[in-house]
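Turn these sequences into a full structure, and let the hints steer you where they fit.
One-letter residues, chain by chain:
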Amino acid sequence: MRVEYINPFVEAAFNILKEVLGTEITRGELYLKSSSQPVLGVTAIVGLTGDVEGRVLFDMSKETALAIASAMNGEEMTKLDDLAKATINELANMITAQSVTKLSDLGYKFNITPPAIFTGEKMEVSDVSIEALIVPIEMPLGKLEINVAVKEKD
Amino acid sequence: MSNTSEQIIEKKAAIDFKMVTFSIAGKEYAVDIMKVKEISKERNFTYVPNAPMYVLGVHNLRGEIIPVIDLRKMFHLPVNETEGSEEDVLILSVEDLTLGIVVDSIDRVVGISKEQVQEPHPLFGDVNIRYISGVVDTGGTMYVILDVERIFGKEEVLAESHMEKVPEKTLPVKTIISESGIKELTLQFITETLSALQSFHVTDLNIAWVKRRYKEWKNIRETENLKLQLENIQDADDFLKPFYSPYTGVLWGDDYKDSIHKLIGEKEHGIMHVWNSGCGKGYEAYSIVCILKSGFPGSNIKVWASDNDLLNISSAPNLVLNRDQIPAYIKEGDFVEKGQGGFRFKREVKDAIVFEYHNITNRNEYPEADIIIARDILSFLDIDSQTRILQEFKNGLKDDGILILGSNEIPPERDWFRMEEGSLTAYKKA
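Chains as they are written, first to last, in our numbering: chain U, 12 to 165; chain F, 1440 to 1869.
Any given hint might turn out to be false.
[What the hints assert, rightly or not] Within a straight-line C-alpha distance of at most 16 Å, the following computed EDC-like cross-link-like pairs (lysine to aspartate or glutamate) qualify: (1) LYS1720(F) with GLU15(U); (2) LYS44(U) with GLU1554(F); (3) LYS162(U) with GLU1804(F); (4) LYS1789(F) with GLU15(U); (5) LYS133(U) with ASP1455(F); (6) LYS1770(F) with ASP1694(F); (7) LYS1474(F) with GLU1534(F); (8) LYS44(U) with ASP1748(F); (9) LYS1741(F) with GLU163(U).
Simulated from the structure, these hints should not be mistaken for laboratory data.
Right, here's the structure in full:
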């Protein structure tokens, strides 16, 4: 993964989460992964197209998803209903969009696809052919993992 | 509550390795379930005369005669002698050999995540470290995972795998005394410590250097009256200090420029592709771009430079130099400009390089390369990755392309043809 792409994603995630949740957040150590990996329970995916292609996954447990949705909506949510899912989608959209804007300022052209959300237990993502950058984010509401995999178009 | 259920989900989802656990002399061990053919309780093995003491005999497993080995005796652990009673036997399938091993008691099957497995420490007692593939702590119990391929596999077996010979070779203590003497033992210990402390893996790639260095090291340590063994990271670093190639962490000098110009030759070069793995802060990548630009001005150069150290690679695109760090060919080629805090490479040089945060053991996708540079990085990968990546290099290099490894790394002769040009050694595909 091109080094120029890393910071925009990390910064955007940091800024947006801090703004919409109003809590302290800390970033864990970044690392690379290429094997298939378990998914925590709720995963939003945003595709990237343009000069490069790839996708960004936002992975969290159901509890964390509910806590984030509650905080963003300003009301206590106990079920992962349509509103809660839409909220998580929106969060994924905001973070990816801001990253892409930052990248565009640097001269890299990306487009994003509408986000989609997956929920379920014991899920696994496998796309062994691309190396993914993992940005772990710790919040009082729980743990969020951002998984970015992009590659230059051949 | 949210926390615990999250942990459970995580734990369940992560299981990708199952092992059969058993105990010997009150300690817990494990082997990969894929190596276990079956488990059973057996007694009255047929005694084989003249066999080593840890061979209990042979056993008729539904028509197949298999050797049965007492793992406790083999590892010199105490045995509770219970004459004639049923013993717990693990039937293993190692390569094309089937054999039974007797243990105190077979426990259960435990599923773990491969990530939980930790490297064994060289100071482990009881069982020689060569035979341990890792340790894992799960459910509050610590399991030592035995590497049965190593213990019983072909590598250890003499030409004809006669049963008596198998264990003879595998017995750690005997190997050391009969075959090698104390000197080899220290070398072997150093090898193991290097891999544990610095993940430096001694293989055919670098064994020649390790042996030379060991002699040197012995002299130094003996005159200074210090222990030969590497006791901590500092010792391992000292041992490895001369391993690193010239111009590590600085721009390549003019002698390397001349060597590379000669190695590449005079022919037409339109587009030149370079892979540079383990580029660190980017010195190698910048050097090669300037060298190629000064030697082949008309060509279009593209360098893919990667490193898995995030901090180093992040600083690579904006590398700042002092005037005295810059070799003559870079000054003459007018490749740098003065900026804030020092000299920086010009846009045309930077645009020729893509810096990537990338781990070479993951999939490498690059166009066919004219030059591959991977100095002093393969030695820090395990042997399987070394072999695999060298093969990738071979596939990814053009027929007249050159490979530059660390100056103390030698790729297999059957695949690579050695070329020396001045102070630089490079390889072409054989």
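Verification of the supplied hints:
1. LYS1720(F) with GLU15(U): 14 Å, holds
2. LYS44(U) with GLU1554(F): Measuring from Cα to Cα gives roughly 12 Å; hence the hint holds.
3. LYS162(U) with GLU1804(F): 9 Å, holds
4. LYS1789(F) with GLU15(U): 13 Å, holds
5. LYS133(U) with ASP1455(F): Answer holds: LYS133(U) to ASP1455(F) is near 13 Å, not above 16 Å.
6. LYS1770(F) with ASP1694(F): Between LYS1770(F) and ASP1694(F) the Cα gap is close to 15 Å, so the pair holds against 16 Å.
7. LYS1474(F) with GLU1534(F): 9 Å, holds
8. LYS44(U) with ASP1748(F): With Cα atoms ~14 Å apart, LYS44(U) and ASP1748(F) stay inside 16 Å; holds.
9. LYS1741(F) with GLU163(U): The given pair, whose Cα atoms are some 14 Å apart, holds under the 16 Å limit.
No hint from the list above goes unmet by this structure.
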